[in-house]
Amino acid sequence: MAMQPLVLDKQLVRLKLNGRWREDAVADNQLLIDYLRDVARLTGTKAGCDGGECGACTVLVDSDPVLSCLTLAVRCADRSVETIEGLATHGRVSALQREFHEKLGTQCGYCTPGMIMAAEALLRRNPDPSEGEIRTALSGNLCRCTGYVKIIDSVQAAAGAVR
Amino acid sequence: MSELAPLRVARPRDVEAAVALRRAENQSRYIAGGTDLIVNMRRGIRRPKLLIDLTGVEELGDVSVTQRGVRIGAAVTLAQLAAEPDVSTRYRAAAEAAEAIAGPGHRSVATVGGNLCLDTRCIYYNQSEWWRRANHYCLKHAGTVCHVAPQGKRCHAAYSGDLAPALMVLGAEIEIAGPDGHRRIPLADLYADNGRAHLKLMPGELLLCVHLPAAAPPSTYAKVRLRGAIDFPLAGVAVSLAMADGTVAALRVGLTGTNPRPFLLAETESFVGRPLDADALARLDKLVQKQVQPMRTTLASANYRRLAAAALARRLAARLAGI
Ligand SMILES: Cc1cc2nc3c(=O)[nH]c(=O)nc-3n(C[C@H](O)[C@H](O)[C@H](O)COP(=O)(O)OP(=O)(O)OC[C@H]3O[C@@H](n4cnc5c(N)ncnc54)[C@H](O)[C@@H]3O)c2cc1C
Ligand code: SF4
Ligand code: FES
Ligand code: FES
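Line by line, the protein sequences are chains A and B. Read in this note's numbering, the first sequence has 162 at position 162, and its numbers run on one by one without any break. Read in this note's numbering, the second sequence has 439 at position 276, and its numbers run on one by one without any break.
Worth flagging that the hints you see were computed from the coordinates, not collected in a lab. Ideal Cβ placement from N, Cα and C applies to all residues, glycine included. The hints are all genuine.
Example chain A residues on the side facing chain B (calculated, C-beta under 10 Å, incomplete):
#1 28
#2 34
#3 69
#4 72
#5 142
Residues from chain B that keep clear of chain A, each with C-beta distances beyond 10 Å, as calculated:
#6 226
#7 230
#8 343
#9 349
#10 368
#11 441
#12 446
All chains, please: the whole structure from these sequences, using the hints.
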């Protein structure tokens, strides 16, 4: 008798994406970033490097910051994944999004979705972070435009607004 | 290359099933956080047909404290480890090392086991497929010549995990599960002095957990790196020091980032029974310089890394001695 394959090449994956459950047939070798951009058509999440160096692809998995370019999509089964598209409610941007705009925390914008998701993870755990804590939380995110000062200002302003 | 080659992912529930899967498929690999392995796969260095995901194995996932010490499961994440109150107070070097690894987006999934089994690193190796092909593949992967030391037949890629030296100065032992059952060895014995094959694991073997003894002396860890925010160590040093009546009772120095394996500095017994004064610190500096073997595997020069390792050892020992 032929051995049954242990796992099929594609698995039916059920996950919560930006608050809504969905189900897709996902290939075992698909990375979360490609699933988000190509399958779910959420192109807010960016790819800025060839693996793990830049933070542009940061999303939240069960509220933890995770690099979607190093994550297999099938490993997100039954979990909650959040991207930049999930932050606005009823067409209104979140405090972090607003302050990145107001305080010029974004210039070209390429790093911004990752920056905001990394900052979102921080503020959920720690609504009143020190500057040092903000720097640590964003240490894995590269920005080639702003020089980071305005980004830290934006996160501080958002924390103040939420308080 | 960004897309991964076709593969299957298996998610065993227990260690026996994981080991059996690994044994049944030659071209398989364990995966934990994936923050080292997936990078190498995207760069075409590793092409496993089957990934055996260890994060579903319950017994690998927790930290437990007993009278005999602490047991840290191999799939405990670095974020979890650094936040563990027992670890940050009693095993300071381990918490400091965990916090100094990569960024928050890595540490939320990166594991203790993955860090200890981290591949060795070199500027000619940690590159994209086209870069390595254009430069002629090197000895470590697909090539025949080492670009760092072309005369030799050895790979000098440096082991660059931060946790190993910290756990070593704390007297860590590891438990390994394999087809023939379990074995327990000092952490230092996991490693071989060979950049191409630095792990002494038999086919199918997997790291189960780390044991730390209940009584550990005060310890600390520091590293130098190129990118201040997040980066692998150019040199990383852990020190543990017990003093009694103004003299050294026990001194251990663990080193990483300089040799193909992390290691405990030899001959530290010679400090026991003497004060840790300026003379002793100068001697420690020399000892480190003699035993590290940095090669040109990073963008910083080998000599800089040698001096940096020695300076860190001296500084950390002085700090622990309160001078
Ligand atoms: C940008 C960047 C910066 C980084 N900076 C650092 C740094 O400063 N310091 C540092 O130390 N690391 C660093 N890393 C590397 C990596 O993130 C960490 O070493 C991490 O701890 C690896 O753990 P993991 O669980 O993700 O390993 P994985 O990628 O899942 O596995 C790594 C290797 O270990 C094997 N393995 C995993 N678990 C086991 C087990 N239980 N038994 C046997 N084999 C096992 C896997 O088969 C694989 O070969 C960095 C990575 C990136 C991308
Ligand atoms: S030390 Fe030599 S063989 Fe090893 S990875 Fe570097 S170039 Fe390749
Ligand atoms: S694209 Fe994921 S870290 Fe750069
Ligand atoms: S705003 Fe351009 S990279 Fe950050």
